[in-house]
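Chemist: These are the residues of each chain, in order.
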Amino acid sequence: MTDAITGDLAATPGRKPKSSLLAQDALTRRRNASEARFKYYGIAAICVSLLTLAIMLYTIFSDGVGAFQQAKLTFPVTLDAERLDPSGNRSREDLMKVTTIGYASLLGDALNAEVAARGIQIDGLDGRMINDMVSRDAPARVRNMVLADPSLLGQTITVQVYATGRIDGYLKGRVTRETAARDANVSVEQLDLADELRAAGILTTGFNSGFLTNPDASDQRPESAGLGVAIIGSIYMMVMVLLFTLPVGVAASIYLEEFAPKNRFTDIIEINISNLAAVPSIVFGILGLAIFINFMGLPQSSSLVGALVISLMTLPTIIIATRASLRAVPPSIRQAALGVGASQTQTVFHHVLPLAMPGILTGTILGLATALGETAPLLLIGMVAFVTNFPRGPLDGGVLDPATALPVQVYSWASRADPAFIERSSGAIIVLLAFLVVMNAVAILLRRRFERRW
Amino acid sequence: MSFFTLLLILLVIGIVGFVLCRQRVLSLAANNPRSLHSLPNYYGWHAFVMAVVPAVLALAVWMIVQPLLVERQLTSFIPAEIREDPPARTLFMADVRRVADGLNVAIERGVITSEEAATMPPEQVRGALASARVALGGEVSTAVLDAAQDYRGFAATGALGRSILAILLSLAGVVYAFRMTSPQFRARNRVEFVVQGLLILASTIAILTTVGIVLSLLTESLRFFTLYPIQDFFFGLTWSPNFRGNSALGLVPLLWGTLYISLVAMLVAVPIGIFTAIYLAEYAHPRVRAVIKPLIEVIAGIPTVVFGLFALVTVGPFLRDWFAQPFGFGNSGSSVMTAGLVIGILNIPFISSLADDIINAVPQAMRDGSYGLGATKSETIRQVILPAALPGIVGAVLLAASRAIGETMIVTMGAGASAALDLNPFQAMTTITVKIVSQLTGDTEFNSPETLVAFALGMTLFVITLGLNIFALYIVRKYREQYE
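Chains A and B supply the protein sequences, listed in that same order. The numbers in our numbering rise by one with no breaks, and the one at position 112 of the first sequence is 212. The numbers in our numbering rise by one with no breaks, and the one at position 444 of the second sequence is 664.
For the record, the hints were derived by calculation from the structure and aren't laboratory data. As the structure is a prediction and not an experimental result, all values here were calculated from the model.
Okay, derived cross-link-like pairs now, DSSO-like style, lysine-lysine, Cα gap no bigger than 27 Å in a straight line:
id	chain 1	residue 1	chain 2	residue 2
1	A	272	A	172
2	B	698	A	362
3	B	597	A	139
4	A	139	B	513
5	B	513	B	597
Please model the entire structure based on the sequences and the hints provided.
Modeler: Put into structure tokens, the structure is as follows:
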């Protein structure tokens with residue numbers, strides 16, 4: 101047979117000689133090429149997503165680290181008693197009458213005197229421009245210092261105050277001489293002065309702890325805007341979300357997983373939970389606005405309402421995670437407990453729940469991490485408001501005070517006009533991501549430490 | 221007595237009951253717990269439950285009923301000319317509440333005594349409250365002040381009655397439990413019954429949430445449709461809200477923007493997500509997979525506001541300077557493209573991890589069969605695995621689409637705010653979610669169609685996403701291949 105075929109083939113004129121196994125024919129080559137292409141599509145897809153992630157994190161970090169550095173001016177100020185306490189009796193009432201405008205001119209004069217004393221001369225620079233180097237936040241700070249300690253009056257103290265946002269931006273490279281020439285808020289002469297002051301050691305940059313502790317500040321004072329209120333608001337909310345969701349979530353999961361009979365009622369609950377997990381977060385914001393604020397009359401912008409809304413949102417996630425870890429406890433544990441005479445409730449609470457606890461906690465922490473970054477529903481319940489007062493302590497009704505949250509602060513800074521706020525916004529993201537990394541790390545550690553494979 | 225102290229008192233009564241009943245049953249059994257029906261602690265817990273649960277339930281009912289009664293009581297104070305005008309009525313009631321709360325705060329801060337508060341003439345109220353640092357919008361009318369005084373009286377009586385009722389119920393519960401306590405008493409069964417009840421209660425919260433969402437969306441949407449014609453909302457082609465009235469509130473441009481942006485997002489996320497899943501499931505070495513898969517999932521863990529800032533600061537200007545302006549598509553940083561691309565990136569891990577699971581669920585025997593017939597790996601994937609996994613993948617894509625439609629922060633920061641019906645992807649457009657945010661943030665009154673439209677938009681969004689989810693689950697369930 102074989103011979104016949106060979107002979108037949110050999111007899112056909114123009115037919116290519118039979119290829120060897122070692123050399124691929126065209127079809128095989130094509131198939132192999134498409135095989136390789138297909139594989140490279142996969143690699144390319146992964147590269148695209150990871151590259152985007154890397155670019156995003158890189159831009160956020162390079163924009164945001166600047167927020168942790170701040171330009172400050174250090175110079176001596178004589179707290180002139182004549183100007184700050186015209187009545188001369190040091191009483192608080194009379195000291196309060198001198199507004200920040202009075203302190204602003206005092207600080208401006210002091211900086212002018214310091215510039216003159218150092219012999220710094222720049223063409224076209226007038227005293228007003230020097231005054232404007234100092235942040236508008238500084239007079240209020242000095243005023244509070246004096247109000248707290250009137251004995252400072254008459255003394256010469258060295259103050260360290262923020263420089264304005266534009267000067268700060270110049271030191272960080274955000275503001276250049278070209279942009280300054282077109283900018284009404286800063287002049288090229290001021291930048292020259294900034295260089296001189298820097299050389300003289302008056303203008304320095306240092307770690308900006310105020311970014312983590314100050315409250316938000318208005319549009320004109322990006323340099324003094326901080327995350328203090330947002331961090332406290334976020335912490336209040338996360339603690340309350342934990343207190344609301346963990347007991348309720350665990351109770352609901354225990355019922356559905358261990359007790360619930362298979363009937364229409366439990367079916368409805370199950371369908372509800374899986375659907376709620378997919379409802380857009382903003383719908384929960386509408387719910388919070390309609391029910392908690394309009395119907396129940398809870399105060400707008402308060403962290404309590406924020407926590408309630410986010411709890412309702414997080415509950416399905418926590419229930420799903422908790423049920424998974426309850427299901428992972430082998431039935432033999434339950435049977436053994438029932439066998440030695442425990443009731444079903446005792447079995448669940450004494451044996452199943454403790455064994456499932458590490459998994460439940462891991463799921464809860466991961467749920468909280470998602471909740472921490474949630475923004476949209478908080479916008480609707482008024483947490484985007486401009487809040488400069490710290491909320492009170494949690495037991496003095498602080499949960500009813502207006503507050504804001506980290507992701508909301510990111511959003512509200514990003515929507516302001518001054519580019520200095522983009523830096524702040526990115527800085528706030530760094531803080532937010534730091535919280536998220538810590539929470540995820542705790543969850544992973546918990547899982548590593550306590551996870552049991554049965 | 222504040223609510224918090226009241227709860228503390230109930231707790232203390234409960235603990236006392238716990239100790240008493242536990243002691244009693246032990247002494248009745250002559251310190252021989254083996255002759256008891258239940259463990260001694262259960263007798264204690266029974267007392268605790270009897271002390272706390274009925275009292276707390278009564279408190280809850282009280283807190284719902286009292287505001288309704290107050291409302292009815294105060295109706296007689298509302299001036300006749302605004303009694304039939306709901307917005308003015310709401311405003312009046314809000315004033316009354318503010319004045320009453322303000323007076324209480326003033327007393328608390330020691331600015332006025334309670335006698336002064338009870339007899340204060342209306343024209344002095346604003347000044348007195350201002351010195352207690354409670355700001356009032358305008359002068360207080362006699363009607364408001366009278367109503368506020370009545371409200372204060374009612375609230376004070378209410379608080380007192382509430383406390384007395386709760387404490388009495390709680391004490392009665394302890395007495396009842398104490399009298400029931402005996403060695404034959406089935407305390408454990410009772411406690412377990414209550415515990416089960418609490419568990420059921422907790423699991424109904426999911427239902428309550430859904431009911432709350434549907435009710436709040438529905439009632440406010442219906443109010444909106446009484447102020448604005450329903451066909452103009454669903455078929456109107458222009459969106460130009462105007463807070464002085466006379467707005468055009470058409471859904472179509474918003475819906476178009478939403479769907480267009482979601483389409484762009486899906487065009488990015490579906491191919492990248494599926495190829496990622498295929499590579500990870502079929503090609504990647506287990507060690508590579510163990511590194512890459514968590515890295516991809518990091519994307520899903522980053523808050524959306526971060527993506528929003530990325531769209532605003534990086535992607536938007538990049539697309540504007542390199543694509544839109546050079547090719548004459550416009551000069552807007554925020555555009556359909558910007559938002560769509562970024563939402564697409566956000567959805568990659570969602571699609572890839574779902575698709576990954578589905579591909580892994582295809583049985584190995586099908587792969588082996590295909591290889592045995594001489595197919596290459598990619599041919600196996602394209603002609604055997606993907607068809608087998610298709611229903612699951614379609615489900616994943618639909619779920620991702622529903623997430624893209626409901627995404628808020630990225631579009632708020634990256635898509636723009638102009639409601640345009642346009643095909644140009646580099647044009648700023650807006651979505652349903654953006655408009656919900658913009659209509660409901662800031663000082664809003666809940667009487668104008670411009671505010672209430674947000675609820676109708678929310679309803680539309682809820683129905684669309686819910687529909688997509690249910691459809692996705694249906695497809696997955698209906699076409700799932702049953703292996704083995």
